[in-house]
Amino acid sequence: MSTISGTGSAGSTDPGFAMRYSVASENLLVLAHIYTATAALTVGALFGLLQGFSRANFLALPAQFDYYRILTAHGVLMALVFTTFFICGLMTFATYRSIPRIRSVRLGWTGYCIMLVGTLMAASEILAGNATVLYTMYAPLKADPLFYLGATLLVAGTWFVAADILRNVISFGRNNPGKRIPLPAHACACTFVMWIIATVGIVVEMLLLIPWSLGWTSGIDVSLSRMLFWYFGHPLVYFWIMGAYLIWYNVIPTTYGGKVFSDSLTRLAFLLLLVLSTPVGIHHQFLEPGVSAGWKWLHTLTTYGVVIPSFMTAFAIFASFEIAARRAGVRGFVATVRWLPWTDPVFTGSALGMLLFIFGGFGGIVNSSYSMDVLVHNTMWIVGHFHVTVGGPVALSFIGAAYKLVPALTGRKLYAPKLALAQTWMWFIGMLLMSTSMHIAGLLGSPRRTSDVTYFGAAGAQSWHGEMVFAAIGGTLLFISVLMFVVVAVGTRLLNEPETQREAFAFAPAEEESMPTAPAFDWLGRWATVAVVLAVLAYMGPLHDQLSVRHFLAPGMRTW
Amino acid sequence: MHIHRSERIWLTFGLAMMAVFLATITTAAVVDGIVPPSNVQTIDPAKVSQTPPFDHPGLHKLANGSYEAYYVAHIFSFEPHHLSVPLGAHVTFYVTSTDVEHGFSVPETGINTMVTPGWVSTVSHTFTKPGKYLLVCNEYCGAGHQLMADAIEVR
Ligand code: HEM
Ligand SMILES: [Cu+2]
Ligand SMILES: [Cu+2]
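Quick mapping for you: the protein sequence lines, in order, are chains B and P.
Just add 5 to the spot in the first sequence (first one is 1) and you have the working numbering.
Just add 42 to the spot in the second sequence (first one is 1) and you have the working numbering.
Keep in mind the hints are simulated off the structure, nothing from the lab.
For clarity, every value in this text was computed on a predicted model and none was experimentally measured.
Here a beta-carbon is modelled for each residue, glycine too, at the ideal position from N, C-alpha and C.
Just so you know, not all the hints are guaranteed correct.
Said to hold, decoys possible - Restraint ranges, calculated between C-beta atoms of paired labels, are given here: (1) P:Met59 - B:Ala65: 41 to 49 Å; (2) P:Thr68 - B:Met24: 56 to 64 Å; (3) P:Lys103 - B:Phe367: 19 to 27 Å; (4) B:Val492 - P:Asp74: 52 to 60 Å; (5) P:His98 - B:Ala65: 32 to 40 Å; (6) P:Lys103 - B:Leu360: 16 to 24 Å; (7) P:Met59 - B:Ala511: 32 to 40 Å; (8) P:Met59 - B:Pro216: 40 to 48 Å.
Can you build the whole structure from these sequences, using the hints too?
This is the structure:
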């Protein structure tokens with residue numbers, strides 16, 4: 006990296022130099038995360054396209070490269086690799102930038118390397134056809150041990166990243182008694198505390214799966230492993246959303262010269278997400294035998310709690326728009342919308358993502374509504390739903406943020422900004438088309454996770470085909486959009502020269518408030534305790550029930 | 043911390059909406075018994091074919107005029123094949139798996155449940171429209187998952 010040039014020996018005694026050096030090596034770490042995420046997104050998008058084409062009967066995938074193998078790869082690369090690397094990069098960056106100090110990035114790099122090794126292990130097992138178990142890895146489908154080990158390492162690596170972020174936040178508190186944790190760092194700390202609590206579930210599941218796949222244990226408790234997976238699976242979703250919220254609250258206002266609507270309410274939103282993300286996972290198991298209706302009802306109730314931070318966030322975003330517009334002398338809804346910086350791909354990426362999230366929210370209410378889930382469970386509706394949540398708002402906001410991060414980290418101007426802007430619209434239109442068709446196909450009963458849905462021409466399956474064709478067209482637009490993103494992200498580094506004057510990256514300041522933020526909002530340890538207690542309360546009963554009935558352990562098999 | 047009046051109204055609206063939803067599904071559950079399939083009953087997946095009534099998969103008429111259908115799911119098919127159901131019959135399906143996780147879904151009817159080895163799933167439906175219904179496995183179960191389907195004929 007050109008920014009590290011000047012590593013003279015004189016530097017070691019000069020604090021200014023040490024700081025510059027520290028920032029340069031920090032930038033490299035963040036860039037590594039972002040480019041790894043980009044690579045995962047690119048490969049994942051190619052597989053997504055092939056899936057869309059297979060379901061629309063445009064092509065039949067060969068046996069050496071079968072549908073379920075690439076579906077496993079798509080799910081893992083998108084849901085676990087792309088998102089996790091991007092969030093680790095983004096939040097490492099947000100913590101480092103809002104807590105400037107001379108620091109070692111060794112912990113951060115250790116995390117990154119472990120994540121990368123884990124990803125490569127899992128990915129090669131998937132592509133070799135030894136782990137066609139989809140990203141949910143439902144037992145008793147039994148993958149090669151290296152796949153489970155790789156997934157475990159991916160998660161273990163994030164714990165180092167979490168430790169790095171929390172270490173910086175704690176040291177800030179020690180060195181600045183009485184001062185508030187900077188807002189972006191507060192959001193990152195909430196996110197990673199939540200993440201640590203959530204990932205305990207998947208790691209415990211891995212402790213059951215790994216010895217079993219090695220043949221050391223003879224059977225697996227299927228329903229217990231499913232409960233552990235979904236204990237992790239739902240907060241995984243909130244991990245993604247919190248990454249997008251960090252961008253929406255703290256970065257987007259800078260694109261129109263605005264501010265964070267409220268410091269205290271932003272902190273509260275992240276704290277609520279921290280405590281409400283975990284005690285809800287059984288809403289993914291509504292249609293499962295072995296879990297009683299009462300526990301399912303309880304998790305419906307807790308799931309609905311997320312309406313508070315969601316509504317707070319929607320309010321804060323619009324309030325920030327409106328206040329900034331008024332300061333600029335603009336009033337009224339239409340005038341404000343027009344005034345917003347639609348030519349800036351950073352803004353437009355997130356703004357279009359927010360629009361998609363409105364659809365996602367409505368769909369989510371249906372899915373989480375207990376008996377209503379019967380209509381949509383395991384149909385293409387669900388696939389439509391998570392593409393219009395993680396695939397829309399989250400991925401598009403991340404891409405938009407990359408248009409600010411990559412120039413800031415490489416010290417170069419954004420390559421082809423018009424292409425970047427077109428990319429965000431292309432994604433939006435492609436996603437709208439793909440996801441709407443998937444939602445409709447789902448309501449008509451089309452099952453998800455299925456390579457071909459013609460069922461030998463059965464009458465009940467005929468109405469699905471048209472929707473699958475539209476979805477494949479939407480998927481094509483999305484794939485092209487991903488290629489456009491790659492051109493911009495890679496072009497910025499390779500085709501543009503370094504600028505002499507580096508563009509500064511600043512997070513949005515917060516509006517002045519009449520009342521100071523309550524100190525309790527920074528007592529993260531206590532909030533973490535509340536989160537753990539709620540998770541224990543929500544899972545105590547269901548787990549007790551699971552463990553107290555007589556179980557038949559499944560030996561496991563390879564059915565692909 | 044100060045919360046604006048308009049934000050209070052907005053949050054109250056959100057919470058009220060959730061309260062209405064919760065009240066609706068709770069009433070449906072308590073009064074009409076509409077709950078997601080949640081049978082808690084175990085079975086040894088290795089001995090399904092010896093465990094009555096799964097040793098004779100198929101439709102059974104009960105004394106009160108309603109029906110029970112016993113289904114076994116395994117890669118990559120369902121047993122029985124081609125179930126024939128009289129029009130107007132109220133059928134409770136009992137489904138279990140001998141190997142991996144499967145799904146049991148009849149689109150257009152609202153019949154939809156997961157099938158987990160070691161457990162018996164139940165779901166009921168009254169067939170009021172004649173026709174040939176498609177039964178599909180809607181959970182990935184292996185290389186032949188897209189072939190795992192059958193028919194239920196109502197007449
Ligand atoms: C190029 C754009 C994309 C296309 C064309 C695409 C297409 C698809 C299709 C057709 C399926 C469903 C297949 C099935 O159930 O049979 C699928 C599943 C999935 N997609 Fe995408 N997708 C794209 C982008 C994304 C993104 C950006 C994410 C998340 C960040 C994502 C996450 C997922 C997940 C988690 C699944 C579920 C996998 C499973 O059921 O095991 N996709 N995608
Ligand atoms: Cu969820
Ligand atoms: Cu199947």
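The hints, checked one at a time:
1. P:Met59 - B:Ala65: 41 to 49 Å: At roughly 45 Å between Cβ atoms, alanine 65 (chain B) and methionine 59 (chain P) fall inside 41 to 49 Å, so the hint holds.
2. P:Thr68 - B:Met24: 56 to 64 Å: 58 Å, holds
3. P:Lys103 - B:Phe367: 19 to 27 Å: Given about 43 Å between the Cβ atoms, the range is violated.
4. B:Val492 - P:Asp74: 52 to 60 Å: Roughly 56 Å apart at Cβ, these two residues keep to the hinted range, so it holds.
5. P:His98 - B:Ala65: 32 to 40 Å: Cβ of histidine 98 (chain P) to Cβ of alanine 65 (chain B): about 38 Å, so the range 32 to 40 Å holds.
6. P:Lys103 - B:Leu360: 16 to 24 Å: 54 Å, violated
7. P:Met59 - B:Ala511: 32 to 40 Å: Holds, since methionine 59 (chain P) and alanine 511 (chain B) (Cβ atoms, about 37 Å apart) stay within the stated range.
8. P:Met59 - B:Pro216: 40 to 48 Å: 46 Å, holds
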